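Undergrad: Sequence:
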Amino acid sequence: MRNFFALALRLTISTSLFAQEAKPEDVKSADAILTALYDVISGPAGEKRDWDRMKSLFIPEGRLMPTGKGQNGVSYRVWTVQEYIDQAGASLEKNGFFEVEVSRKIESYGTISHVFSTYESRRTLEDKEPFARGINSIQLLNDGDRWWIVSVFWMGETPEFQLPKKYLKKVKKKRGA
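Residue numbers for the sequence shown, in mature numbering (1 follows the signal peptide of the UniProt record, and there is no 0): -19 to -1, 1 to 158.
One or more of the hints may lead you astray.
[Said to hold, decoys possible] In silico BS3-like cross-links for lysine-lysine, where the CA-CA straight-line distance does not exceed 25 Å:
hint : residue 1 : residue 2
1    : Lys4      : Lys36
2    : Lys147    : Lys86
3    : Lys50     : Lys146
4    : Lys86     : Lys151
5    : Lys151    : Lys109
In short, the hints are calculated from the structure, not lab data.
Note that this is a predicted model, so its numbers are computed, not measured.
Sequences are here, hints too, so could you generate the full structure?
TA: Structure, rendered in structure tokens:
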């Protein structure tokens, strides 16, 4: 019995330490959490991002994983949300960064959803052409109370890997999503 209470206490403490209070409007639907994800990383040069808001979107064990192919073959990195913030946050804030979703394909089953989200990246909203495009593969979880991001695995477009037309169909935004 003593072991049960010790385990319960440990689980309660570890969950509450990592729990971030999410804005209800950010996590009420798959559309809402995807909008919040793109919104939280985007902003003009010199603008601080709300990294606590970003953390609130992810499960405590959430991961962000960029991948690509270079001279040495395929490579990838695996970051916690905090490691992503530590690695990329200062650059996003210093240089300006706007990532805009241009297409989305979502498939769901039970409590899980998988999203293929095509993006374009610009330094300012006025930039005519993006400096990067690619696909975010986003895994979502609906626990019955809210949506969570489990992982974001992405690859930027390259001359070798051009974005297929089927992933360039424009996103139709819903009112209030």
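Undergrad: Hint by hint, note whether the structure agrees.
TA: To see whether the hints hold, each was checked on the structure:
no., hint, verdict
1, Lys4 x Lys36, "holds, 11 Å"
2, Lys147 x Lys86, "holds, 9 Å"
3, Lys50 x Lys146, "holds, 21 Å"
4, Lys86 x Lys151, "holds, 10 Å"
5, Lys151 x Lys109, "holds, 17 Å"
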